[in-house]
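There are 2 protein chains.
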Amino acid sequence: MSFYDKKFTLGVLGGGQLGRMLIQDAISINLRVSVLDPDENAPCKEIAHEFVQGDFKDYDTVMNFGRDKDLITIEIEHVSIEALKDLKEMGVKVYPQPEVLEVIQDKGLQKQFYTDNDIPTAPYKLIDGRDEITRNSDFLPCMQKMRKGGYDGKGVTPVRSLEDLSTAFDAPSVMEKMVDFEKEISVIVARNPKGQVRAYPVVELEFNPKANLVEFLFCPAQISNDIEARAEQIAIDVANAFQVVGLLAVEMFLTKEGEILVNEVAPRPHNSGHQSIEGNYTSQFAQHLRAILDLPLGDTGIIRPTVMLNLLGEENHTGAADYTGLEDVMAMDGVYLHLYGKSDTKSYRKMGHVTVMREDAKEAHRIAENVKTRLKVRSK
Amino acid sequence: MSFYDKKFTLGVLGGGQLGRMLIQDAISINLRVSVLDPDENAPCKEIAHEFVQGDFKDYDTVMNFGRDKDLITIEIEHVSIEALKDLKEMGVKVYPQPEVLEVIQDKGLQKQFYTDNDIPTAPYKLIDGRDEITRNSDFLPCMQKMRKGGYDGKGVTPVRSLEDLSTAFDAPSVMEKMVDFEKEISVIVARNPKGQVRAYPVVELEFNPKANLVEFLFCPAQISNDIEARAEQIAIDVANAFQVVGLLAVEMFLTKEGEILVNEVAPRPHNSGHQSIEGNYTSQFAQHLRAILDLPLGDTGIIRPTVMLNLLGEENHTGAADYTGLEDVMAMDGVYLHLYGKSDTKSYRKMGHVTVMREDAKEAHRIAENVKTRLKVRSK
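These protein sequences, in sequence, are chains W and U.
Number 184 in my numbering belongs to position 184 of the first sequence; there are no gaps in the numbering.
Numbers in my numbering are just positions in the second sequence, counted from 1, shifted up by 1000.
Please note that the accuracy of each hint is not assured.
[What the hints assert, rightly or not] Restricting the straight-line Cα-Cα distance to at most 27 Å, the calculated cross-link-like pairs of lysine-lysine (DSSO-like) are:
hint, chain 1, residue 1, chain 2, residue 2
1, W, Lys45, U, Lys1069
2, W, Lys372, U, Lys1346
3, W, Lys183, W, Lys372
4, U, Lys1125, U, Lys1006
5, W, Lys6, U, Lys1256
6, U, Lys1125, U, Lys1183
7, U, Lys1350, U, Lys1380
8, U, Lys1380, W, Lys69
9, U, Lys1346, W, Lys7
10, W, Lys350, U, Lys1183
[Claimed, not checked] Over the 12 Å line for every Cβ pair with chain W, so calculated as not near, a few chain U residues:
hint, residue
11, Lys1006
12, Asp1039
13, Glu1099
14, Ser1224
15, Asn1263
16, Glu1278
17, Glu1327
18, Gly1334
[To be verified] Covered stretches of chain U (chain W as the covering partner; in silico rule of three or more C-beta atoms under 8 Å from a C-beta of chain W):
hint, stretch
19, 1020–1027
20, 1067–1075
21, 1297–1304
22, 1336–1350
Derived by calculation from the structure, the hints in this document are not laboratory data.
Here a beta-carbon is modelled for each residue, glycine too, at the ideal position from N, C-alpha and C.
With the sequences and hints as input, model every part of the structure.
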């Protein structure tokens, strides 16, 4: 059965903004999408062809959701791997593969995977709880990352010295040597079941230090051709090591010495690829669909320089969302608004993003800074 | 209430491909869309926030559909004008305005409007039926256009001499002097309630002679700067004469003598703007939403040269649609597929379109010709 057939259905675990943007591209190829999410107000709720309310971490829920689907994918990693494994056993196609998700879901296994596959990454130690930080104080300063359940800047905290112990997690985690990086960069790689691989050009990320979330993205990254080529090759190596099908977003540190270290990966569309909707020949969402449907991968080339700005809920604003400055921003040429359909805002919640595309990268940057000043999400 | 509010709903009369692509852009601005269409398998059926099955030509159906909407628009002209007028009277915003639709819906009134407003158009006569063609034989060769109900190449027929009388329509129609044109061109103009107007660059259309439907579109058009400027000005003049809110697609003939004549207009997103999804800074669908929501209009500039190809059902194929060559076409770089979600094909039915975007316009044309050879829609 072909993907454009009315009876063919793609099941997506997770109904947030990534699923929403995936559906926007699925419409263009007649692909029917069914979404599973616990939130009855999930961003995909009203636009999915079918929406099922339920917990994607629950074995039975995922089994029931998945058994009649032709293909399953995810837009969040924290799902029932056991159910996905059993669905795969039953003959349902599951991309990314549950075995890949299993490694990535656990930041300890993920680090071990890099070591085993000669992928450059920062030195680390695996610990079971807070007391082990004291015993490994020679390893400080470090970033402590919970092995499981972290998401969107949560589950990660700096431990610069033992004085930070009170804010450290008392849970199985990775202690990762703090990297004195020059830039954070990312490469999104697509790989289909035939093994065809295409990488997007490197983008540069600027984080909001308070929220530990991407705030600005610059495409192309301001780096040398040599670094561009090395970063792309490392990202392709990681995708091939996993033999992943679908997208793999590879976040990397570029150190002051010019070393490139893999920070972490996500086997799905990713915040570091949102600029591709307008700025690259193939959007990451269309590319993810091509990859999991075993179609030829699209051109990843840059059409025009872009700057992407995440639209984060203002600090200390919780409740029904109100946007100020929308009209100001829409009056600026080459500015693309993407709202995620979340009715409630909270501090630093990702409520949308804005992409600025101009022929001149510096002008795009200036406009994006201007957008940041004007556009605010507050509670009513 | 703001357009992004969950309680704000845009009602769209018509649920075909234009509505479908409008919804794809509405998602990006959190705009809730409710669609009215008589076909239970309409392209918008499964992706609209709400779908109401019913006849948009029926007064009561449109009244019931429209009374709780915040804003009404159309994606087809042949709707109940009376209902739209009464809804407007009741305080529902209706764009394009019913008065504009009323003129455009009737090709006779439309021609009269051009004459009254000094808009250049081909000479014409209004007739009530076939016998009047005989009486006006000195006006041949002409195109006979039914005053009402024509759509997608239907309701239009050439009457070169009285020998063509048997295929002429016996209905109120316009006899329009046949124009010996060099090119058919189109300009889409957007106008918002504040009176802001922005025109898209001129595109060039190539028709399939058998189906009288657009087959290829070239953006930018291969015309002189002088013709570009004149065509744009005429299109803006027409939009201002109508004081239309929303898009107005103005199709024009460029004669061999360099004269520009308005052929006909459509107050909505139009086939001659499909390339704008990828090829212009603002897609025509996003622009239509901006215009009817009284938001600032977006940049209409060209990002890259594009060629659009309509994907028409193969002649004499009727029934469940099957696509051949999809993978071949998806393997070509810079090629964008848009399938309209129609399960059944028939001769020359618009089943989708393909846009080719390359830096080099000639290369885009070559690729589009290649796509036409490979990609076919047949019945199973």
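Evaluation of the provided hints:
1. W:Lys45 x U:Lys1069: holds, 20 Å
2. W:Lys372 x U:Lys1346: Given that 27 Å is the threshold and the Cα spacing comes to 50 Å, the pair is violated.
3. W:Lys183 x W:Lys372: Given that 27 Å is the threshold and the Cα spacing comes to 21 Å, the pair holds.
4. U:Lys1125 x U:Lys1006: violated, 50 Å
5. W:Lys6 x U:Lys1256: With a Cα-Cα distance of about 47 Å, the restraint between Lys6 of chain W and Lys1256 of chain U is violated, given a limit of 27 Å.
6. U:Lys1125 x U:Lys1183: Status holds; Cα separation ~23 Å.
7. U:Lys1350 x U:Lys1380: It holds: about 17 Å lies between the C-alpha atoms, which stays within 27 Å.
8. U:Lys1380 x W:Lys69: holds, 23 Å
9. U:Lys1346 x W:Lys7: Measuring from Cα to Cα gives roughly 20 Å; hence the hint holds.
10. W:Lys350 x U:Lys1183: Since the Cα atoms of Lys350 of chain W and Lys1183 of chain U sit roughly 49 Å apart, the hinted pair is violated (cutoff 27 Å).
11. Lys1006: Incorrect as stated: the minimum Cβ-Cβ distance to chain W is 5 Å, not above 12 Å.
12. Asp1039: holds, 14 Å
13. Glu1099: holds, 27 Å
14. Ser1224: Nearest chain W Cβ is 24 Å from Ser1224 of chain U, so the label holds.
15. Asn1263: Given a closest Cβ separation of 29 Å, the condition holds.
16. Glu1278: violated, 9 Å
17. Glu1327: violated, 6 Å
18. Gly1334: violated, 5 Å
19. 1020–1027: holds (count 4)
20. 1067–1075: Result for this restraint: violated, n = 0.
21. 1297–1304: Coverage by chain W holds here, the residue count being 5 at a Cβ distance below 8 Å.
22. 1336–1350: holds (count 7)
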